[in-house]
Amino acid sequence: MIALEVRALKKSFGGLYVTRRVDLAVEEGERRLIIGPNGAGKTTLFNLVTGEITPDSGSIALFGRDITRKPVRTRAHLGMARTYQIITLFGRDTLRHNVMLALLGLSPRRWNPLIDFAGQRDLAEQAEAALARVGLAHLAGRPLAETSYGERRRVEIAMALAQKPRVLLLDEPFAGLSIDERQDVHRLLMAVPRDVTMVMIEHNMDVALEFAERITLLHFGEVIVEGTRAEVVAHPRTREVYLGH
Amino acid sequence: MSAVSGLLAPRTAAIAMAVLLLLVLPLWVGNAYYVNIASQILFFAVFALALNVLVGYGGLTSLGHAGLFAMAGYTAALLLARGHGHLVADTAALLVTVATAAVYAVLSLRATGIGFLMITLAIGQILWGIAYRWASLTNGDNGVNVSSRPMPFGLDLSGADGFYYLCLVVFLACVGSMAVVVRSPFGASLRGTRDQERRMAALGYDVWLIRFWAFLLSGFWSGVAGLLFLYYNQFISPQVVALTTSAEALLMVIAGGTATLLGPIVGAALVVIMKNVVSAYIVRWNMVLGIIFILIVSFMPEGLVPGSARLWAWARHRLRHGKPKPAAPGPVAAPPASGGKEGVR
Amino acid sequence: MSLWLTLAVNSFGLGGLLFLLSSGFSLIFGLMRIPNLMHGSFFMLGAYFGVTLLDRGVNFWVAAIGAGLLTALIGGLIERFLLRRLEGQVLPQVLLTLGFAFIIGDVCLMVWTGDPWQPATPAHLAGAVQVAGLFFPLYRLVILAVAVVVAIALWIMVDWTRLGAMIRAGVDDPPIARVVGIRVSQLFTLVFSLGAALAAFAGVMGAPYLSVYPGLDFEMLPLALIVVILGGTGSLLGALVGSFIIGFLYNFGQAMFPDLAYVILFLPMLLVLVLRPQGLFGKVVT
Numbered sequence: 001m002i003a004l005e006v007r008a009l010k011k012s013f014g015g016l017y018v019t020r021r022v023d024l025a026v027e028e029g030e031r032r033l034i035i036g037p038n039g040a041g042k043t044t045l046f047n048l049v050t051g052e053i054t055p056d057s058g059s060i061a062l063f064g065r066d067i068t069r070k071p072v073r074t075r076a077h078l079g080m081a082r083t084y085q086i087i088t089l090f091g092r093d094t095l096r097h098n099v100m101l102a103l104l105g106l107s108p109r110r111w112n113p114l115i116d117f118a119g120q121r122d123l124a125e126q127a128e129a130a131l132a133r134v135g136l137a138h139l140a141g142r143p144l145a146e147t148s149y150g151e152r153r154r155v156e157i158a159m160a161l162a163q164k165p166r167v168l169l170l171d172e173p174f175a176g177l178s179i180d181e182r183q184d185v186h187r188l189l190m191a192v193p194r195d196v197t198m199v200m201i202e203h204n205m206d207v208a209l210e211f212a213e214r215i216t217l218l219h220f221g222e223v224i225v226e227g228t229r230a231e232v233v234a235h236p237r238t239r240e241v242y243l244g245h
Numbered sequence: 001m002s003a004v005s006g007l008l009a010p011r012t013a014a015i016a017m018a019v020l021l022l023l024v025l026p027l028w029v030g031n032a033y034y035v036n037i038a039s040q041i042l043f044f045a046v047f048a049l050a051l052n053v054l055v056g057y058g059g060l061t062s063l064g065h066a067g068l069f070a071m072a073g074y075t076a077a078l079l080l081a082r083g084h085g086h087l088v089a090d091t092a093a094l095l096v097t098v099a100t101a102a103v104y105a106v107l108s109l110r111a112t113g114i115g116f117l118m119i120t121l122a123i124g125q126i127l128w129g130i131a132y133r134w135a136s137l138t139n140g141d142n143g144v145n146v147s148s149r150p151m152p153f154g155l156d157l158s159g160a161d162g163f164y165y166l167c168l169v170v171f172l173a174c175v176g177s178m179a180v181v182v183r184s185p186f187g188a189s190l191r192g193t194r195d196q197e198r199r200m201a202a203l204g205y206d207v208w209l210i211r212f213w214a215f216l217l218s219g220f221w222s223g224v225a226g227l228l229f230l231y232y233n234q235f236i237s238p239q240v241v242a243l244t245t246s247a248e249a250l251l252m253v254i255a256g257g258t259a260t261l262l263g264p265i266v267g268a269a270l271v272v273i274m275k276n277v278v279s280a281y282i283v284r285w286n287m288v289l290g291i292i293f294i295l296i297v298s299f300m301p302e303g304l305v306p307g308s309a310r311l312w313a314w315a316r317h318r319l320r321h322g323k324p325k326p327a328a329p330g331p332v333a334a335p336p337a338s339g340g341k342e343g344v345r
Numbered sequence: 001m002s003l004w005l006t007l008a009v010n011s012f013g014l015g016g017l018l019f020l021l022s023s024g025f026s027l028i029f030g031l032m033r034i035p036n037l038m039h040g041s042f043f044m045l046g047a048y049f050g051v052t053l054l055d056r057g058v059n060f061w062v063a064a065i066g067a068g069l070l071t072a073l074i075g076g077l078i079e080r081f082l083l084r085r086l087e088g089q090v091l092p093q094v095l096l097t098l099g100f101a102f103i104i105g106d107v108c109l110m111v112w113t114g115d116p117w118q119p120a121t122p123a124h125l126a127g128a129v130q131v132a133g134l135f136f137p138l139y140r141l142v143i144l145a146v147a148v149v150v151a152i153a154l155w156i157m158v159d160w161t162r163l164g165a166m167i168r169a170g171v172d173d174p175p176i177a178r179v180v181g182i183r184v185s186q187l188f189t190l191v192f193s194l195g196a197a198l199a200a201f202a203g204v205m206g207a208p209y210l211s212v213y214p215g216l217d218f219e220m221l222p223l224a225l226i227v228v229i230l231g232g233t234g235s236l237l238g239a240l241v242g243s244f245i246i247g248f249l250y251n252f253g254q255a256m257f258p259d260l261a262y263v264i265l266f267l268p269m270l271l272v273l274v275l276r277p278q279g280l281f282g283k284v285v286t
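Protein chains in written order, with UniProt numbering: chain A, 1 to 245; chain B, 1 to 345; chain C, 1 to 286.
Treat the hints loosely; a few may be bogus.
[Stated by the list, open to error] Pulled from the structure, derived: some chain A residues nowhere near chain B, Cβ distances all over 10 Å:
id	residue
1	Glu5
2	Val26
3	Glu27
4	Pro37
5	Glu52
6	Ala76
7	His97
8	Leu106
9	His138
10	Gln163
11	Arg166
12	Phe174
13	Ala175
[Claimed, not checked] In silico contact screen, one side only, chain C against chain B (beta carbon under 8 Å); selected entries:
id	residue
14	Pro35
15	Pro119
16	Ala120
17	Ile229
18	Leu275
19	Pro277
Keep in mind that the hints were calculated from the coordinates and are not lab data.
The beta carbon of each residue, even a glycine, is placed where N, CA and C say it ideally should be.
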């Protein structure tokens, strides 16, 4: 089954096409890497897929269901989660609180004004489990503002994983990490079970090559090359726009 | 866990002490004039807490809350003047105020930040214009008189002490409900929308609806405060709807410190006391209000309660360790968040 | 018939005044991203300066321009020495302008007392002109003409001059404008002073028929707000169209439903907010 299908997606800002015509079909359980030089329209594509931007034309479907006009929150409830390139977490709150907010977002309890949020044992336990998955269980009670950049990147991933998404969109999860930290993040992404479909944007091709079965190369808002790792790397146009860079 | 209960115990004791003090206050003060000032502080604190739901926890600065405050007062006053009972008038007043808050919300939540502030200000001023100009309904500049205070369960509220206890009960109910809501999942969601609107939507939250409910909550307590104000003065006039009232309420919130429960209460006490003291000597209240605004935004933008908490932590640190460590990140001196408003609960 | 015509002329007069008031407000908002809550105060302060000068026998136009310059100086000083220090902190900036609005209101009350002042319409502008057998009050037409002249001057300034190019760059994208080397801070002071001058000038122009009295400041401020919400922030054309819409609604509303004139003002704002939140001529800010 196709988990995420994007058809003829087009978006322009003031006459300038950021996404010219993008077609994308990601199989369930697949690990897809989307690469491309700066300004290729990768993050715009993610923003279109998550609904933060509405496309001029084209359609997006999640497990065969058209979500082109659905608001951002509905897509989250349908099983889509994402991480951000620029970290936008809740700096004053603890790591546990951050992940609990992610869990609460999908729970009907989020409207409850009468119970104690911090006292929701099940949410706290799930949050701690998600933090443990990314190796941060020992920091659960620490305010996010007092953690390192690499730790925050992992909190991002913990929040996304805690939502048990069916499709996970990762926007440059390796950006700004040291070599060791990259290894850690890489390992934890490799350990994500196959019922989660993952689409990753990476600017830097070599760190993420291993991750993906299939690679899509985006350039000036268009898909130029798509195929297996070997096919894409060997393709002359890839060299032209990317590797020869 | 023992550290937490160790922290909680003195806090509970402090709250119990404060409630006890408030309970015996009329006996202790003895003078109707001061008891009345205490009543003013209590109902303005309710108003400030209501506004703080939006300003502090929602990050939405409203400059039109006088319209909600006065909507309750006017509705009740006009119904009472037409011969309806207190129960009918007050219930209707709260319903009308919450409905008005819904209209405010639908219009102003088309924008956030400065746009939100401008729209609430414009709606507030239009309500002022209605109170002032629609004389056939509102009696215009002459205002509306209310002949008596209600007597719930046969209790006499006509005296200063009786009315004080009514205000106290309402005030405690307000603080209690706010404390519950702020700690609830809904409160956490609201604060989330203040800090990271986009992220909250991506996590599955309906940001607009969260803000809408917060607006209704704020409107409800603004209405309750407006009713107490009406019964306190037994009179309401367009002056209450003026921008000055909205600005005073906002001053209470930011002077005390936003996104805290204690802040608006302290702010209300401060503004009410200052207003009474200043008015006793000179007629220049608006000028004083303006000057305080300028001083606060220039020198203590975080508000008095968080500002003092920071100072207190610094002083304690200094006492314990003998020397000041301004550079070291202390446990309370959290790094400035992007919003610039620090929550201390 | 003549009643409607009179109302229409009055509407154009009020619309012209509102344009003088709100064009500055809109430019300031567009450029600096703060709603200047002192704007109504500038209007009132200018009016008081104007009536004082007129009282001393100064020529009407000299009084109006003099009041504009004086108010521009005050506005410029507040911007330069206080608003500037809070750059980037939007809420404190707004509260600062609100604080000054209260102070200016109180100072005016102290200096000019609570009694309304209503200067006589200058003799050469009083009376009516006869066109096609109908009489039109000359003064309203003069206001309209002044507003049109100012609108054209502003349009030329914004669209055709180097200063205007910098303002447009600043409105569209302040960070970029800074990067390409526009002295944004001086531009802010200039535009702020210009807005203050226009508001004060409008105050003097309005004085002969609105009169000047305490509270005028906070009556004018929401009108400027509504105009800008209607027209779209930072748009001169929006301010122009919005001003005349409000001018007409206010006059016709006042005549037909005197009690509800204020409610009627609210309606176009409501429609615009629901249907087109960026305003009639505003750009969508992403």
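Each hint, compared with the structure:
Non-interface status of Glu5(A) relative to chain B is upheld: no Cβ of that chain comes within 10 Å, the nearest being about 20 Å off. Once the 10 Å rule is applied to beta carbons, Val26(A) is consistent with being away from chain B; the minimum gap is 19 Å. Here Glu27(A) stays apart from chain B, with its beta-carbon at least about 24 Å from theirs, past the 10 Å limit. Against the 10 Å criterion, Pro37(A) stays outside the reach of chain B, whose nearest CB is about 25 Å from its own CB.
For Glu52(A), the condition that its CB be more than 10 Å from all CB atoms of chain B is violated, with the nearest at approximately 7 Å. The beta carbon of Ala76(A) sits about 4 Å from the closest Cβ of chain B, which is not more than 10 Å, so the claim that it is off the interface is violated. Remark: the non-interface label on His97(A) conflicts with the geometry, its nearest Cβ contact in chain B lying 7 Å away (cut-off 10 Å). With a least CB separation of 5 Å from chain B, Leu106(A) falls inside the 10 Å interface cut-off, contrary to its annotation.
Distance check on His138(A): its Cβ is at least 17 Å (rounded) from any Cβ of chain B, clearing the 10 Å threshold; non-interface status holds. The claim that Gln163(A) is not at the interface with chain B is violated, since a C-beta of that chain comes within 10 Å of its own (minimum 7 Å). Annotated as non-interface, Arg166(A) keeps its C-beta farther than 10 Å from every C-beta of chain B; the closest such distance is 13 Å. Every CB of chain B is more than 10 Å from the CB of Phe174(A) (nearest about 20 Å), matching its label as outside the interface.
Distance check on Ala175(A): its Cβ is at least 17 Å (rounded) from any Cβ of chain B, clearing the 10 Å threshold; non-interface status holds. Annotation: Pro35(C) was flagged as interfacial toward chain B, and the flag holds, the nearest CB pair being 5 Å apart, inside 8 Å. Checking Pro119(C) against chain B: minimum C-beta separation of about 25 Å lies over 8 Å; hint violated. Of the supplied interface hints, the one on Ala120(C) is violated, with its beta-carbon coming no nearer than about 27 Å to a beta-carbon of chain B, more than 8 Å.
The beta carbon of Ile229(C) is positioned within 8 Å of a beta carbon in chain B (closest approach about 6 Å), and the interface hint is therefore held. Hint status for Leu275(C): violated, given a least beta-carbon distance of 10 Å to chain B, over 8 Å. Hint status for Pro277(C) relative to chain B: holds, with the closest Cβ pair at about 4 Å, below 8 Å.
In the structure shown, a violation is registered for the earlier hints numbered 5, 6, 7, 8, 10, 15, 16 and 18, in ascending order.
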